[in-house]
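Asks: The numbering of the sequence shown is the numbering used here, which starts it at -12 and goes up by one.
Hints listed in this document are in silico derivations from the structure and should not be mistaken for laboratory results.
Among the hints, a few may not be true.
[Stated by the list, open to error] Straight line, CA to CA, 20 Å or less: simulated DMTMM-like cross-link-like pairs of lysine to aspartate or glutamate:
| id | residue 1 | residue 2 |
| --- | --- | --- |
| 1 | K75 | E387 |
| 2 | K102 | E272 |
| 3 | K376 | E347 |
| 4 | K310 | E88 |
| 5 | K238 | E225 |
| 6 | K364 | E387 |
| 7 | K124 | E250 |
| 8 | K239 | E272 |
| 9 | K247 | E225 |
| 10 | K239 | E206 |
| 11 | K124 | D142 |
| 12 | K358 | D373 |
| 13 | K208 | E272 |
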Amino acid sequence: VATNPDVFLDLPLTFDDLSKTVDEIVTVPFVRNFIDCMCIFCGFPAKGAMTAHILYILERFFEESAAFSVPIGGTSQLGETIQRGLEKFGGKLQLNAHVDEILVENGRAVGVRLKNGNVVKARKAVVSNATPFNTVKMMPEKEGEPKKLTEWREDLGTLPRHGAISHLFLGVDAEGLDLSHLDDPAHLIVQDWSRSMQDSQNLCSFFIPSLLDKSVCPEGKHVIHVYSSGGEPYEPWEKLTPGTEEYEEYKKERVEVLFKAVERAIPDIRDRLEFTIIGSPLAHEAFLRRDRGTYGMAWAAGTSAPQAGILGKFLPFPFPNLKTPVDGLLRCGDSCFPGIGTPSAAASGAIAANTMTHVENHLQLLKEASKKDPMYKFLDPGFMGDLYKPLVQGFTPSAELRTERFASGAGVAPVDYTALNAERNAAAAGPKEEAASQ
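Could you put the whole structure together from the sequences, leaning on the hints where they help?
Replies: What follows is the structure in structure tokens.
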């Protein structure tokens, strides 16, 4: 920004609807269709997708060093990595601990009540990564609550949403199976370019991770994940009961298009099946805790979403703010900036964590990261960091996040970040000084 201040002139366009740019400069039908196809993983085709998303995707997509970001050992490795990081810093992970209610006392989120009746108290804040629709359900209306909270709950609870996704998980016998004709393990299939990309019966994708990583399945086998776009209608499913014959038949009917997509690459796929798991919108709802199995919030770029915060008053910011009218309650996930998709949702979690942290910690972390490898040298904030800190340290984090609960759970105390950082730096320097003296 310091070297290219004119970037500020492009900010409105960055958050705006991509189609406004595409319509002006793209005239080749296939290229336009390709852009729509790339956009759809954000929930919309070019019309409705945020420009910043796609500029980043397309730039990275065609880099010489572009590669598949696939966790070695399977997707479970992502969860296990997060668990290790959590426990490394003293955190505890509770499984089968479903939240029933976010507890609010005197206008501040103080913890959560689980469905088993147990209460978990928050020392500093409660962070919800549930969808906005699920989050507001965990905050029942209380008599005498502030008007801002009521409006916030109504705004978030009535946001437009995408449909669900249908999944197909396959385990197949790979004996005699020649897949040398597949240049890549991931493929997109469009049935008809004239139909909507949001139609779950038109666009689907399949991925064969075992082509890249043999550890994800036994030798002589392949695993395949096939899924539709996030436009599967929920209404027909809500009339069905899982486990009934009618439900099982409807599942097979809706994933037939997914089977046909894989058959384009493996014609005898059905003869090779060793197991099949169909994930329906009801499974999405039950196992991922997503209201109506939704793929996510569906606020199209071009206008500011409700509760978008200060940024939404100046830019067409299509996401509700991660902050809420309740002190000590933050949100993250795919209904916050930067949006839908695993990388975006992960980034929103990092933003929520940074929001609770003093700017001095941010700058210190950047300095440490810049020394890890020469390629990260650009992260060093240098003298700009020294100029930036006094400008924002008075309100970063904001006032309601500058307190922590006493150990007794009663009341809150201010956090002395200067003392905390001095203690942290002393602990980091201690072993080095001791080693030098020896």
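Asks: Of the numbered hints stated earlier in the document, which are not met by this structure?
Replies: Going through the list in order, the structure violates hints 1, 6, 7, 9, 10, 13 and respects the others.
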